Amino acid sequence: MIYTAVFMSEAVIVANHLVKEFRSNRVVRAVNGVSLQVDRGEVFGLIGPDGAGKTTLARVILGLLSRTSGESSILGYDSMAHPYEIRERVGYVAQQLTLPPDLTVVENMRFFADTQGVPRSAQAKRIAELLEFTGLTQFMGRITARLSGGMKKKLALACSLIHEPDVLLLDEPTLGVDPVSRREFWALLSTLRATQGLTILVSTPYMDEAERCNQIGLIYQGQIIANGSPQQIKALSPGQLLELHPDPDRFDEALRLIQSLPGVAEVQTYGALLHVFVDNADRRLREIESSLTQQQITVSGLRPIEPRMEEAFISLINHQRLAETGTTR
Amino acid sequence: MRKSFQRISAVVRKDAIHLRRDWHTLFLMIAIPVIELFLLAYSATFTARHLPLAVYDQSHDTQSRAFVDSLTNSGYFDLALNANSQAEIIKALDDGQVKIGVVIPSDLSQHIDRQTGTLLILLDGSDAYSLQSAYGAVNALAQKFSMDLPLQTLQENGLSAGQNALPIDTSVQTLYNPSREDLYFIIPGVAAMLLQMFAILGIAMTIVREREWGVAEQLLATPTRPLENIIGKIIPYFALSMFEMVVIHALGYFWFGVPFKGSLPLYLVLAALFVSSSLCVGLLLSTIATTQKQVQTIGALILLLSFLLTGLIFSRIPMPWWTQLIGTVLPVTHFIPIVRGIMVKGVGLSALWPNVVALVLFNLILIVLLPVLSRKRMD
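As they're listed, the protein sequences go chains A and B.
If you want the working numbering, it's the position in the first sequence, counting the first as 1, plus 1430.
If you want the working numbering, it's the position in the second sequence, counting the first as 1, plus 807.
Rather than coming from a laboratory, the hints here were simulated on the basis of the structure.
Treat the numbers as computed from the prediction; the structure is a model and nothing was measured.
Just so you know, even glycine gets a beta-carbon here, dropped at the ideal spot from N, CA and C.
Do not rely on the hints blindly, as some may be mistaken.
Said to hold, decoys possible - Derived list of chain B stretches under chain A, where covered just means 3 residues or more per stretch with a C-beta under 8 Å from a C-beta of chain A:
#1 822-828
#2 1019-1026
#3 1172-1186
The whole structure should be built from the sequences, with the hints applied where relevant.
Spelled out as structure tokens, the structure:
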């Protein structure tokens, strides 16, 4: 059953009410009814905190783990029934470094080229191209274990691209990588998408990386709690956003006071900062300032700011939590 | 098919690189069995000789001296203490200074004439090993001594008893190992056991390590079939085990001078069966163990069981059925009779077939297990 490209947008990765339970002492639903669709040429970001089910979801879609119920497929191939058709067409970068650490860079690339059935005659050229692309040419003789964290990720990416896949599955590829290398890694992904039209599913705990995707699924406790373009997700924020820096000694007092004010939808704490979602930024800014002054709480840096992915995400999680506690009561 | 072969050879070459890069481990893997072979061959002797002897001789006559001489001349005992009382002998036994004590009553010659001679032999029972040798040796020597006495008396009286003084003369012939060299017993068995450990630990460690590294997950995400991965691992470890076998046997033949009497081609075929049986046990171990440490711990247990229950040192015949059963699931139990049979006795298949059948069964289990063990998924 191969999906044929009839429409402009072709669903490459599909999940329908996908459920994955782990049974040990108790049943854990790591993936709890996930439905998503990634179209050809899209970069889909699976964003969520640790333990949200990102890795399990990626593994089930790739057929590395069995599923409990629901459906998933890549390029029309069912994850469970046709795992090898999928693996011949998909590149996968696992979360930890999963390349043999005592092989050199080029030995690793040759190993994965062979496991992917790349003809020997084509290997030299392909490996040289990918080393060039990832900037690893000068490290080709180095033992993988001695590469820096960022270079290891780039090598894993190069190995996953060796067989010219149509789809890339990246499981937290930038976890534990320095900011510069993260930026470089994302630049590589953008190039791949732009030049080769690769469909990319990438999971990450970093909100700033979400902005680089054109579709986002926010995953929390095994469920996609929101999905859409970054703009759509940010639009889910409850109103406009104010930032302020209250007197650190009276932080809790300030937090409670602002929460009780009219027009305030939600207050989030960011270290010593408070982010306040309000219905009208200009009007509430003045009201907050005057109520704090009344209580003799000094405040600085009170200003309206543009909501980021992070605020939207935390707000969505807070609502999710409220809804859950609401239903259990 | 071409791709399948390409994938298997990729895994073989990868594992060969692992072995080459980690040459410390490779060296240890090959050298440790050789060192163990030397240690065991030189230290593990089954007949204790030169046991320290204490004598409390109350007679000090020709007969008593002749008896003590017969003990020390046998090579089994060295006179370590001339005691002046029985208590002194017991103290020496307590201290571990001697392993055997002999108390000779006063006037031994007169006792002999009246045929009432009694010797007291004291043995250290806490050392079961030398006890066995000392007991056997001292009994035999004392009996020979007392049998010689009537002959002597006859001769002194001018009579010749000739050859038939004693009604039964036993003629014991040790087959296959005429000089009763312990090495003929030890070397083949130890070689078999070392080979087994080499194969079991080698393959189990590499599989578990790959899982610990996470490489197993990455490999699973490629079109490489799990069966191809396992075959790709069996090949280098099979080759390495066969190489190690040749090294150990070459040492046994050239260094220790243990003869190789049987058919070498037959031996190689059966050794290959044995190595693949051991790899089968190693594959099973890799499914039970989740860390390399667990592999080593279980490996140590297998080593101990191989020493105790497989006929390597202790005969399996007097063992209770359940320890025999435990021995049966270790390939080395079936290979020890084969290696001893072919090397020392020079026998062929007609004598060894029950053991060969057992090894063939192990390999059938391996063939059945391989697809079961090669899981398509991580869970």
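Going down the list of hints, with the structure as the test:
1. 822-828: holds (count 3)
2. 1019-1026: holds (count 6)
3. 1172-1186: holds (count 4)
Hint check: no violations occur; every hint is consistent with the structure.
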